[in-house]
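**Student:** So the chains spell out like this:
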Amino acid sequence: MTLAIQTENLVVCYRGHQALCGLNLEVEAGEVFGFLGPNGAGKTTAIRVLLDLLRPDQGTARVLGTTVRDGGGELRSRIGFLPGDLRLFPRMTGIRALQFLEQLQGRPARSRQHVLQTLGFPESALTRKVRSYSTGMRQMIGIAGAFQHDPELLILDEPTTGLDPLVRQSFLELVRQRKESGATVFLSSHVLDEVERCADRVGFLSGGRLPLVDSVRSIRARRPRTVLLRYADGTEQEELTSVPAEQLLADIDARGLIDVEIRPASLDDVFGTIVSDEEATR
Amino acid sequence: MIHPALQNHLRERFGLVCSACALPSLLVGAAAGWLYPHYREREEAFANFLPMLRKLFGGDSLDLFSSMGFLSLPFQHPLTLLSMGLGVAFPGLVTIAGDRGRKSLDLILATRLTRGALMANLFLFMGPFALLLGLSPLLGTALGAWISDTADTLDFSRYAMASGNAVLLGVWWGSFALLVSAIASDGTMAAIWYGASFLITFVIQAVAMVWEAGDFLFWVTPFGYYHPARVIGGVADPWRDSLILFTTSLCLAAAAWTVQVRRRQA
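Read top to bottom, the protein sequences are chains A and B. First residue of the first sequence? That's 1 in the numbering used here, and the numbers climb one at a time after it. First residue of the second sequence? That's 1 in the numbering used here, and the numbers climb one at a time after it.
Chain B extracted, bound-state conformation (with noise of 0.2 Å):
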């Protein structure tokens, strides 16, 4: 099922582009560790801040004000989360619904290769950046502990296993991106229907977090079965999440590859 050829292609096409976007979290993470010791000197001032926005980062699992609390920050923050969702998405934006719209995708899909192949070699693809954008916040965490010098005050496991969550978080914007890439006409639909659905999805996340009648609004979004805070917190474990994560990534990969198979136009 993998195809060498088309894998070097997609690798040399999208490798820089997706790998970049794991530098938001490392840049988050390193500007946390430079924070930190600042943070601590005036944390009377910011105990006072905003307690929606303390609300939004996970304050009423995790102590914001501890070293494991404040540099969950890139686990959390909406760059990061950005960047994620941007570089698992972008591969199957672009070479499915792009290429159909610039149509260069009839020429290679008049070869050997079938739609189903390049599908599948597409989620393929997608997972080792899936993996390095969800690792990507424990090495922005790393970078902060080491920069403020609070490595041992921290427990990496609960960060390894928010980690974990968060490569199941992208690998379900992988395959959703590619089932709205399977189903629109060329990659800009393709781009305003997976950009409408991540941002109305993340407000969505946000409003359910800090409205407290929004609690049900919790499990309709993807974002909903990613709770860093409660994990790194110790209050919850990612496993349940993680598995429905994992489970709807995979009927979401299943539908697009069926709708790219039965489509009229390749």
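Isolated chain A (complex conformation) (with noise of 0.2 Å):
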């Protein structure tokens, strides 16, 4: 198993709090892994840690199979990042913040054109401004940006904010070819449903530890289906295991069953659970 992201016992403490208390992860070369946790789980500070933005107190943090610290430049070329707080250049024209980039990756941008297109970008658009560009557009470009230049990993942290329904559906389209390429894309996020919707793999995190890390199947899995019964008379019923199975076939039978809808579980159950139970240890 390659790893392109492994971090041991990293430890970020500011002014007293830790933001990261020993986090242990490994993120296999050529997944989608989903970085999840909630505002202020220290999720952006593990990324920033990740690409030497930010050193750590303790722990070590190893990148396409080289410590942070000792692959510099020439390790974060191979990086394709989308910052969570994404502030580009106002005064520049996006075609030329893209360039700019472009030069600073130091990798030629073979995908730009193609990433522009699947995401709908109007080409006319590029030579405006950027501090004339909706919020949605801005995000548009750093998305541009991070997948320019073909990285082997993509750091994406929040990558759908602003996006409307549509673009959603044409990035995440962008990160499966990604991957299908062979590339390994870290998507952090708190929207449960794209991530359950592209990852291989989550990792909640939460209170600056990971106290989960499992393929999406198998912590759906951990969760009960939710079962949902609908009447003629139009209730419903979602309870059913305190329910005994004689009363269960009484009411069926006087109600009038007219609809039976079986659930998953999804991430957002399993999330909550988690973050209760972490909460609740502390």
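By construction, these hints were calculated from the structure, which means they are not laboratory data. Take these hints with a grain of salt, some might be off.
[Claimed, not checked] Residues on chain A that point at chain B, a partial pick, calculated with CB under 10 Å: (1) R48; (2) D57; (3) E74; (4) Q105; (5) G145.
[As the list claims (entries may be wrong)] Quick list of simulated restraints, FRET-style, between CB atoms: (6) A:P38 - B:C251: 45 to 53 Å; (7) A:T2 - B:L82: 53 to 61 Å; (8) B:C251 - A:R15: 26 to 34 Å; (9) B:G127 - A:V11: 39 to 47 Å; (10) A:Q237 - B:S185: 52 to 60 Å; (11) B:I192 - A:G272: 38 to 46 Å.
[What the hints assert, rightly or not] The calculated lysine to any residue pairs, modelled on SDA-like cross-linking and capped at a C-alpha distance of 20 Å, are: (12) B:K103 - A:T160; (13) A:K129 - B:E12; (14) A:K129 - B:R11; (15) A:K129 - B:A5; (16) B:K103 - B:M189; (17) A:K129 - A:Q99; (18) A:K129 - B:F14; (19) B:K55 - B:Q205; (20) B:K103 - A:R87.
The beta carbon of each residue, even a glycine, is placed where N, CA and C say it ideally should be.
The two chains are supplied separately, each in an independent frame; assemble them into the complex guided by the hints.
**Tutor:** Pasting the structure below:
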């Protein structure tokens, strides 16, 4: 198993508060890894450590087989990064911003056109200044900047912020394409349904710790599916486990069952459970 | 070490503002050239005018009633010194501390560009502007001489020496701005620290010039190594002061580089 990202016992403290408390994380090469957690869980802090934008108080981080400190600029040129709080240069045009990023990345932007087309970014808007863009358009430029040089690893912090549902679909399609071409995608988000749709594995970060890392399928399996019964009188019944079987059959018979809906457990459910468990143990 | 794309970006972002900081010297020079004939006519009135102010403008080393003395105003006027201090410091303060505060520094440093390379490129970018701003008083004086038709009475080699000294003063403040920027958490803090340092040293220098017992204060600020009146008056050569400014500038730039490279947060 080749690891694209590996952290060992990462500890980061800010003014006495521990943002990361011994984070151990392993992301396999070629997978899409969903990095989930509530606001303030330490997701952005961990990402900044992976890019050597922040140095940890303890522990080590290895990215694409090299320690982050030793890899330097050469390592970062193999990574595509989209920050959570994207601040482009407002006086630059969109195309100039992308060209500037390309020059800093030091690799040709072979995929720029494809990414912009897939996202549906209007070509005529590329020559407009970034300050005239909507939030969604800026985010699309940020995504194009991260994807354009075909990096081996994509680190995306809240990538769908400000995007409309159609562009979100296009973005997920881009992630799938990158995965098919062998790249690793590290996707930080608190929008669980997106991660659920594209990630192979997810890790839940809570309070600077990673209490759970598993495949989406296994995590879903940890929670039982729920069954919803709809009756002819317009009522619904979801809590079935506490009802005796005879009474349930009698209800169905008396009220007239018209529909049965079986709902799979969502990551939301698991996430909620983990966060509340974590808070209870503190 | 020179990163063409970054240099181009810095030029696009700061070129106009930094160049505009040369304007006050030209305006002061033009005003001095326009005023000089009138000033000559009222020499007696000005002779009794505030001896302390005359001392502040180097009246003890330079005849302020001569064209050589009066047209040295672009080298000494607080406005030109202020614009020089602003022009050379602006890119360093905005690109490091300012972008750190706005979080756009993350986007730049998440690429092949290293922290050290960013610092080195900023230092190199500052050079041409320090040159331009250091030469701007010379251009201002030349403009004043043309307006007042006194060019043949001036020794431009003395002005050129003072200009060279001004270039190095600019490099000093630019390097100091890089250090402040490397230390500060954001642009506002950097601007406050830099602005306060500039103003305090300027006031200390002014006090040292007018207060005889305060001579020792001369040597504790960078302005103490910039004496245009003495250089233009032929009383002193600027080489020693220039060497000190150059050496300390390199030390400040090296310190700024080290702080930025070793910083916990980029």
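**Student:** Hint by hint, note whether the structure agrees.
**Tutor:** Verification of the supplied hints:
Interface restraint check for R48 of chain A: the shortest CB-CB distance to chain B comes to about 7 Å, inside 10 Å, so the restraint holds. With its C-beta approaching chain B no nearer than about 8 Å, D57 of chain A sits inside the 10 Å limit, and its interface hint holds. Taking 10 Å as the C-beta cut-off, the interface hint given for E74 of chain A holds, the closest approach to chain B being about 7 Å. The closest approach between the C-beta of Q105 of chain A and any C-beta of chain B is roughly 5 Å, which is under the 10 Å cut-off, so the hint is satisfied.
For G145 of chain A, the interface hint holds, the least distance from its beta-carbon to any beta-carbon of chain B being 8 Å, beneath 10 Å. As the Cβ distance of P38 of chain A to C251 of chain B is approximately 47 Å, the hint placing it in 45 to 53 Å holds. Between T2 of chain A and L82 of chain B, the C-beta spacing of about 58 Å keeps the proposed range 53 to 61 Å intact. Distance hint check: the CB atoms of C251 of chain B and R15 of chain A are about 31 Å apart, consistent with the given range 26 to 34 Å.
The hint said 39 to 47 Å for the Cβ distance between G127 of chain B and V11 of chain A, and at roughly 41 Å that hint holds. Remark: the range hint 52 to 60 Å for Q237 of chain A to S185 of chain B is upheld by a beta-carbon distance near 57 Å. Look at I192 of chain B against G272 of chain A: about 45 Å separates their beta carbons, and that is inside 38 to 46 Å. The straight-line distance between the Cα atoms of K103 of chain B and T160 of chain A is roughly 19 Å, inside the 20 Å bound, and the hint therefore holds.
Annotation: proposed proximity of K129 of chain A to E12 of chain B holds, straight-line Cα distance about 14 Å (limit 20 Å). In summary, the hint linking K129 of chain A to R11 of chain B is supported, as the alpha carbons are separated by about 17 Å, within the 20 Å threshold. Simply put, K129 of chain A and A5 of chain B have alpha-carbon atoms about 19 Å apart, close enough for the 20 Å limit, and the pair holds. Proximity of K103 of chain B to M189 of chain B is assessed by CA-CA distance (about 15 Å); at most 20 Å being required, the pair is judged to hold.
Only pairs whose Cα atoms come within 20 Å are accepted, and K129 of chain A paired with Q99 of chain A is accepted, the gap being roughly 14 Å. Of the supplied pair hints, the one linking K129 of chain A and F14 of chain B holds, its CA atoms being roughly 17 Å apart against a limit of 20 Å. For the hint pairing K55 of chain B with Q205 of chain B, the CA-to-CA distance comes to about 12 Å; that is within 20 Å, so the pair holds. Distance hint between K103 of chain B and R87 of chain A is fulfilled; the C-alpha atoms sit about 7 Å from each other, no more than 20 Å.
Hint compliance for this structure: no hint is broken.
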